[in-house]
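Trainee: Listed below, chain by chain, are the residues.
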Amino acid sequence: MSKVPVLTEEQEKRKARFREIRLTLHILSRNPLSLASVIIFVFLLFLAVFAPWVAPYPDAYKGIPHVEDKYKPPSPEHLFGTDYLGRDVLSLIIFGTRLSLMAGFTIVAIAVAIGWPLGVIAGYIGGKVDDVIMRITDMFLAFPSLVLALVIAFVLGPSLINSMIAISVAWWPWYTRLARADAASLRERAFVEASKAIGLSDWTIMLQHILPNTMSPIVVQATMDLGTAILAEAGLSFLGLGAQPPTPEWGLMISMGRAVTFSAWWYATFPGIFIFITAMAFNLLGDGLREALDPKLRRIRGV
Amino acid sequence: MTSPLLSVEDLRVHFDTYEGVVKALDGVGFEILDGEMFGLVGETGCGKTITALSIIRLIPENGRIIEGKILFRTENLLDRTEEEMRRLRGGKISMIFQDPTVSLNPVFTVGQQITDVIAVHQHVERKEAAERAVEAFKLVALADPEKTLKLYPHELSGGMQQRVIIAMALSSNPDMLIADEPTSSVDVTIQAQLLKRLLEIKSSENLAILLITHNMGIVAETCDKVGVMYAGNVVEMGAMRGVLKNPLHPYTKGLLEAIPKPQTRAKRLPIVKGTIPDLINRPRGCAFHPRCPYTMEICRDEKPATVEIDQDKCVACHLVKR
Amino acid sequence: MADLRRYIAKRLIQTIIIILGISAITFFLARIAPSDPAALWVGIHARAEQIERARAELGLDRPLYVQYYIYIRDLIGGNWGISYRTRRPVIEDIMNYLPASLELAIIGQIIATSIGIPLGVIAASKKDTRIDHSSRVLAIAALSVPVFWIGILLQIFFARTLGILPIEGRLDLHIAMTNPIHEITGFYLIDSLVTGNFVAFTDALKHIILPAVALAAYSTGLSVRMTRSTMIEVLREKYLKTARAFGLPENQIRFKYALKNAIVPTLMVLGISFSWSLTGAFLVEVIFNWPGLGTYLWRAILAVDYPVIVGITIIAAFVIVFVNLVLDLAQAWIDPRVRL
Chain A
1 MSKVPVLTEE QEKRKARFRE IRLTLHILSR NPLSLASVII FVFLLFLAVF
51 APWVAPYPDA YKGIPHVEDK YKPPSPEHLF GTDYLGRDVL SLIIFGTRLS
101 LMAGFTIVAI AVAIGWPLGV IAGYIGGKVD DVIMRITDMF LAFPSLVLAL
151 VIAFVLGPSL INSMIAISVA WWPWYTRLAR ADAASLRERA FVEASKAIGL
201 SDWTIMLQHI LPNTMSPIVV QATMDLGTAI LAEAGLSFLG LGAQPPTPEW
251 GLMISMGRAV TFSAWWYATF PGIFIFITAM AFNLLGDGLR EALDPKLRRI
301 RGV
Chain B
304 MTSPLLSVED LRVHFDTYEG VVKALDGVGF EILDGEMFGL VGETGCGKTI
354 TALSIIRLIP ENGRIIEGKI LFRTENLLDR TEEEMRRLRG GKISMIFQDP
404 TVSLNPVFTV GQQITDVIAV HQHVERKEAA ERAVEAFKLV ALADPEKTLK
454 LYPHELSGGM QQRVIIAMAL SSNPDMLIAD EPTSSVDVTI QAQLLKRLLE
504 IKSSENLAIL LITHNMGIVA ETCDKVGVMY AGNVVEMGAM RGVLKNPLHP
554 YTKGLLEAIP KPQTRAKRLP IVKGTIPDLI NRPRGCAFHP RCPYTMEICR
604 DEKPATVEID QDKCVACHLV KR
Chain C
626 MADLRRYIAK RLIQTIIIIL GISAITFFLA RIAPSDPAAL WVGIHARAEQ
676 IERARAELGL DRPLYVQYYI YIRDLIGGNW GISYRTRRPV IEDIMNYLPA
726 SLELAIIGQI IATSIGIPLG VIAASKKDTR IDHSSRVLAI AALSVPVFWI
776 GILLQIFFAR TLGILPIEGR LDLHIAMTNP IHEITGFYLI DSLVTGNFVA
826 FTDALKHIIL PAVALAAYST GLSVRMTRST MIEVLREKYL KTARAFGLPE
876 NQIRFKYALK NAIVPTLMVL GISFSWSLTG AFLVEVIFNW PGLGTYLWRA
926 ILAVDYPVIV GITIIAAFVI VFVNLVLDLA QAWIDPRVRL
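So the sequences go chain by chain: A, B and C.
All the letters of the first sequence, read from the start, carry residue numbers 1 to 303 under the working numbering.
All the letters of the second sequence, read from the start, carry residue numbers 304 to 625 under the working numbering.
All the letters of the third sequence, read from the start, carry residue numbers 626 to 965 under the working numbering.
Possibly wrong hints are sitting among the right ones.
[Claimed, not checked] Below, computed lysine to aspartate or glutamate pairings styled on EDC-like, alpha-carbon distance capped at 20 Å:
id, chain 1, residue 1, chain 2, residue 2
1, C, Lys866, B, Glu312
2, C, Lys866, B, Glu385
3, B, Lys395, C, Asp753
4, C, Lys752, B, Glu312
5, B, Lys372, B, Glu312
6, C, Lys863, B, Asp447
7, B, Lys505, B, Glu484
8, C, Lys866, B, Glu386
It is worth saying that the hints were derived from the structure and are not from the lab.
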């Protein structure tokens, strides 16, 4: 009799999943762009977490005006200049990192939390339920997303949190569509029939089998959306429907900087650079992830 | 003795992949005569499709033909230019693939597609090509050929699509047809019909066919000669009847035993245990030795050379050298 | 072609349902907002009974489903309400401002498509080479730039520093008076060209460049990425391998077969890209003081002008739905599988 230890099905699955993750990370790390984006992300995270210690003027975000320092151009004391209240723009931007990162993750998290399960339900159950869910999804998707977010933010009242909710509500349909397509094709697979044959309920099948298997495109989309979420949130704040002054939100700062574009150009310029870098990092990461997870690319990869 | 139509000698093909260099073909050699049906059989991953693709030089981009000769009549195909190869493909040598439902372009009618092929190879105007297309459809026994020309691929059943593809392949009267698992994607009744039709065409047109499959049963029923492949090598080759009656290589024996026969009343089908070896780090000796029930010391260290038993038979196994 | 006609009919019905759904959502959103429309309508210095009278006039005291019915009825009939701010019929205002936004979005889309799609095709055929990688990075950069920020930067650089292009607006006030454009379509570029008004044409062109470029950045990035991936998918398809196995020349495979296969997904790319163009146009208008729906919406939000907000949301959705319908029908005409 063989002495090879027999692993339970659960352990087998876990082992397989670890191998998948390790291979993905390995491929990801080979791509210099993805590597760079991870580094940038870690750097931004660092800024966000340690803002009070990193920022040269930690109490800038408290909104205490130093009116005499109003609109000073970049100098050694104020690398990015000062704003209309005399606050150090660099410090404001560093504190703004917290808001942007939080906004990005929250928006995507909510949109995924709503859209993904809905899509799985629609795809797996099919029939009338599928029709209804997809009709609603199509209706939401027919709106230009920014306009929809605008209106919702307007309806809820301008604030950072409301703008985040507005964007999530405008975005969940994308995940529903993504998940539904996957779930619908998974439904036809043999293991679903097998699971039903041994008596698993539909909900159990959906939760334990369909949901995890639709994860891959969702994760890729979510990562790419992180960048877009930050852009969208900055956009709404720029229009005055998001964060309100004196919050150091990047989009808001650009909006306030617009009034003095030609006299105090630094106020509108630097926050934008940070938005760009942050969005770029997430987009690069999402793109790298997509290439790494593409099953066809893995088998035949040129050295 | 007539010179063979196709002669493959010591073909070695490597692939560059993420995990390393895959040595897919490690010295493949066999011969096909005019009008002969040759079955190349082996399990998934043994390199039979790569062999076929190498003949018409359509291997994937990360593949390289390292060594070997592919002689079509007397010319070495590996020396030909790409343009010469292009004229050969669909002209003198045609290849058809496994899944007909993805082999036809969905946004063109089948008529347009076959007419394109005929126009390219026979240098005729489209109208003339359309007439020849109808002839080709009749050859593969497609009902109502004129009407079928106007249909889109998705409007045809899998079996009909495969017939269209065969018609396209045979439209320019090739000397050899390479069929890569032509029946694996269709159901058994269609399978039987297609094979029957292919055999009829083979005798009426004196067409040589290289049939690639993992199904030893089909090979046993239809082929004149058989070549058994394992992990990038031809381990046994010979006339069909001879190999059936007296298989020399343990792998061949295993494959034959695995064919379900009506007389068998055993409870379980015998299988060849184990899996194919790592093609990146090939084992030193015989590639089959980990799974071989008759393995000896020498099998681990030395790769067996191909030994010619008589005119038609050869085998690569240490058992036979003795 | 009977199945094509069937498909068209099916899509039209779907579109109508979607439009109804959109108007329902918009109606609902407008009604649940906190402020009191009646008070807004009458103005700040209104007395209580004036507000009450306004409420009755505006039909806000009727039950919700009645309001919705009146709303739909008016919508179809072309009565989209009166703007609280401009006191003009909303539909009239929208028709005035729509051409400006469309012109901007279309020019931006043309720039994006003429750069994006060819670049995507090249990147796909030269996959994994330097060209491919650099175009990918550029495309992602284009997708990461906040459209409102790039607009401001363009203003600073070209208008302020270099002084060669105007900062904002659609036409120079001076030129609008001396060489007024005779409005036919509302698209300044077309109208001025058609009436031979080259002075105005040049000026309109100068004014539209910066906002269109700012707008095009995002769409270009999108177009490059999506075209690249669809082309890669197409080039990878098994039926192209079959075509090669049958000895068809590479030119024929690329330009006759692969191209037709790629058109359908490319149209989808266009649809999505245009949707973003329209969205971005709103942001760009605010920065460049472009007299389009974006600015109109912007002012409406500041003034809590409900009818306008509702009206613009609907018209924006209409445009997107219409564009998508046209693109879908084009796809169905080319690819018979779509009609199933």
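Trainee: Hint by hint, say whether it matches the structure.
Mentor: These are the hints, each one checked on the structure:
1. C:Lys866 - B:Glu312: Judged against 20 Å, a Cα distance of about 26 Å means the pair is violated.
2. C:Lys866 - B:Glu385: holds (15 Å)
3. B:Lys395 - C:Asp753: Not OK: lysine 395 (chain B) and aspartate 753 (chain C) at ~34 Å, beyond 20 Å, violated.
4. C:Lys752 - B:Glu312: This hinted pair is violated, its Cα atoms lying about 34 Å apart.
5. B:Lys372 - B:Glu312: holds (5 Å)
6. C:Lys863 - B:Asp447: violated (27 Å)
7. B:Lys505 - B:Glu484: holds (17 Å)
8. C:Lys866 - B:Glu386: Holds, at roughly 16 Å.
When the structure is compared with the earlier hints, violations turn up for hints 1, 3, 4 and 6 and for no others.
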